[in-house]
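Peer 1: Residue numbers (this note's numbering), protein chains in the order written: chain A, 1 to 340; chain B, 1001 to 1340.
Since the hints were made in silico from the structure, they are not lab data.
This one's a predicted model, so the numbers in the text were calculated from it and none came from an experiment.
Be aware that a few hints might be false.
Unchecked claim - In silico EDC-like pairs for lysine to aspartate or glutamate, Cα to Cα no more than 16 Å straight-line:
#1 A/K141 to A/D95
#2 B/K1141 to A/E56
#3 B/K1213 to B/E1165
#4 B/K1318 to B/D1069
#5 B/K1141 to B/E1126
#6 A/K141 to B/E1165
To be verified - The following label-pair restraints were derived from C-beta to C-beta distances:
#7 A/E43 to B/E1265: 32 to 40 Å
#8 A/T77 to B/Q1221: 52 to 60 Å
#9 A/D60 to B/K1141: 18 to 26 Å
#10 B/I1096 to A/R137: 34 to 42 Å
#11 B/R1042 to A/P183: 37 to 45 Å
#12 A/S16 to B/L1119: 41 to 49 Å
#13 B/T1168 to A/I166: 49 to 57 Å
#14 A/E232 to B/T1077: 47 to 55 Å
#15 B/R1286 to A/S16: 58 to 66 Å
#16 A/R42 to B/G1277: 31 to 39 Å
#17 A/E232 to B/T1168: 55 to 63 Å
C-beta: ideal position from N, C-alpha, C; glycine also.
Number of protein chains: 2
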Amino acid sequence: MPHSYRVDGLQYANWSEDIFRQMREGQVDAVHVTIAYHEDFRETVQNIEQWNRWFEMYPDLIFHGRWADDVLIARETNRTAIFFGFQNPSPMEADIGLIEILHTLGVRFMQLSYNNQSLLATGCYEDEDMGITRMGRQVIKEMNRVGLVIDMSHSAERSTLEAIEISTRPIAITHANPAFWHPALRNKSDTVLKALGQSGGMLGFSVYPHHLKDKSDCSLQSFCEMIARTAELMGPERVGLGTDLCQNQPDSVVEWMRVGRWTKEIDFGEGSASDAGFPDMPNWFRDNRDFGQIESGLRNIGFSEAEVSGVMGGNWIKFFAKSFGPSCDNANQNNVVAAQ
Amino acid sequence: MPHSYRVDGLQYANWSEDIFRQMREGQVDAVHVTIAYHEDFRETVQNIEQWNRWFEMYPDLIFHGRWADDVLIARETNRTAIFFGFQNPSPMEADIGLIEILHTLGVRFMQLSYNNQSLLATGCYEDEDMGITRMGRQVIKEMNRVGLVIDMSHSAERSTLEAIEISTRPIAITHANPAFWHPALRNKSDTVLKALGQSGGMLGFSVYPHHLKDKSDCSLQSFCEMIARTAELMGPERVGLGTDLCQNQPDSVVEWMRVGRWTKEIDFGEGSASDAGFPDMPNWFRDNRDFGQIESGLRNIGFSEAEVSGVMGGNWIKFFAKSFGPSCDNANQNNVVAAQ
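Please construct the entire structure, taking both the sequences and the accompanying hints into account.
Peer 2: Structure, rendered in structure tokens:
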């Protein structure tokens, strides 16, 4: 039996040929990779330059994914399509014109805030949540126009609900789990999950231990049962994976994610002073080679083949297909041609 | 009789809706526009942002041209395809990775030097011509790989001959005339023109008065006879137009072109202290509305219909088709898909 399409809604690994080979071993057809946490525009372009080098060096393993059909091309050519995204709006600086530029460079996801307040929205660690800002409303409109997906994974509750409401196109929470299963600040309330599902958006389930019940000791069965309950809440077509895999990263990188250049002090984010580094992954998901374990886990708790296929990648592919091109309202003939 | 395709190999106007409407009036299917003289990368991106605004504001008049087929789409949809280019390599700064980034953003031509020595090649106003530099050789290779056309319009003789030799793909001199007709420093020797023609490159004929015999008083017949002689020298498929039209620009802009930020003194370039500004255009080519005059002029001196069609745009279209995609040596399947 051919396996389902496998799409991962978020990774930030310490990329190398070994990891690209593991993606092939795990038959991962597409991955949304983070290319910026706190970088400004020029630094982000340098990160794209680095990816271009990898695409040139490993053309048999990976290529730059731009459209939903690239996931199918990846399967046909036995490679992994790499889709770019940001965890923070910092790459667009304060310049709305950079949104189209970044989309042209192949960026497909942008979080409106990362833990803290941004120019656009409130992050999940702030005490107050002011909702979407004046600039945020303009940026959502422009992101809708060009086909850059709004990602609210690290945003606060009110900001997330407003983004769902204001956006004319479905949004994503690429990597988080439901708070009903594990009440981490980063996990999402039933209210958010229902609104996300009803608006046609997508949730990607995280395997990052701080987002898991029992953290590194979380069982595969518990993870899959959580997926089943969330699928009931949101609809089985509204969920996929977003593992948040940060493979082979030194602990200095988790510090960069949390602290960037916004403070001179230390911030432990989801960790703590006594548990400051990257946590151990659960034993059933070491890295890209283990997507088959999740696929089996879903079957074992009673998901139908069609549902397994949707969660493993089919739902993301449908979401990509309706999200990455220019909006129909604004599409002139040339834009439509470019989006093919 | 339907008119020939009309492609202009270079313009740098003070863009406005009026000019875009004149392009339609003159039935100009495609224009290579200069989007940077001395700008760095970030400033160049801002110029692209400005063009994106114009594409959004005037979708019935213009769109961003990326591939040769866009010229045909322009004709079919009664619009003008706008192709981006630089007069100077300044937008790539000293970073070879920016070449692919800029190509992804739709840039299709880059001059290796503009009047002065650059990091890559010598300009036509330097006393010494050292030829292509060490970095220049690397940049030519990368431009060849991604499909960014090498333009030597403002470069010095030896540098130009070496660029033709080193480049594995045909290059262009988008806007200049033969020195045999008018011996301006910017016009090109028979040696350069022959080498350019033999290598499959293209020359675009300039209507900028400093490049014309008798300058603003140049007759249309003299201009067309010069085209005929050059076509004999290079081959009739190796020539097109590159008017260098700088419509509605204030004289401060010609100063920016010449002086940029490389000197605190004034430099008059092709002009002089007594003739520092933009010269008057010849009366047979006021602006984009007058391409039909050149077309008639070519017929009147005896060009065949096929030759007229080639000079007016067909030759550029064939050159675009072989130049703008990734090189066949390096093309992996995904690049080829992206280039369609």
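Peer 1: Next, verify each hint and record whether it holds.
Peer 2: Status of each hint after checking the structure:
no. : hint                          : result
1   : A/K141 to A/D95               : holds, 14 Å
2   : B/K1141 to A/E56              : holds, 14 Å
3   : B/K1213 to B/E1165            : violated, 30 Å
4   : B/K1318 to B/D1069            : holds, 10 Å
5   : B/K1141 to B/E1126            : violated, 25 Å
6   : A/K141 to B/E1165             : violated, 49 Å
7   : A/E43 to B/E1265: 32 to 40 Å  : holds, 36 Å
8   : A/T77 to B/Q1221: 52 to 60 Å  : holds, 57 Å
9   : A/D60 to B/K1141: 18 to 26 Å  : holds, 22 Å
10  : B/I1096 to A/R137: 34 to 42 Å : holds, 39 Å
11  : B/R1042 to A/P183: 37 to 45 Å : holds, 43 Å
12  : A/S16 to B/L1119: 41 to 49 Å  : violated, 32 Å
13  : B/T1168 to A/I166: 49 to 57 Å : holds, 51 Å
14  : A/E232 to B/T1077: 47 to 55 Å : holds, 48 Å
15  : B/R1286 to A/S16: 58 to 66 Å  : holds, 60 Å
16  : A/R42 to B/G1277: 31 to 39 Å  : holds, 36 Å
17  : A/E232 to B/T1168: 55 to 63 Å : holds, 60 Å
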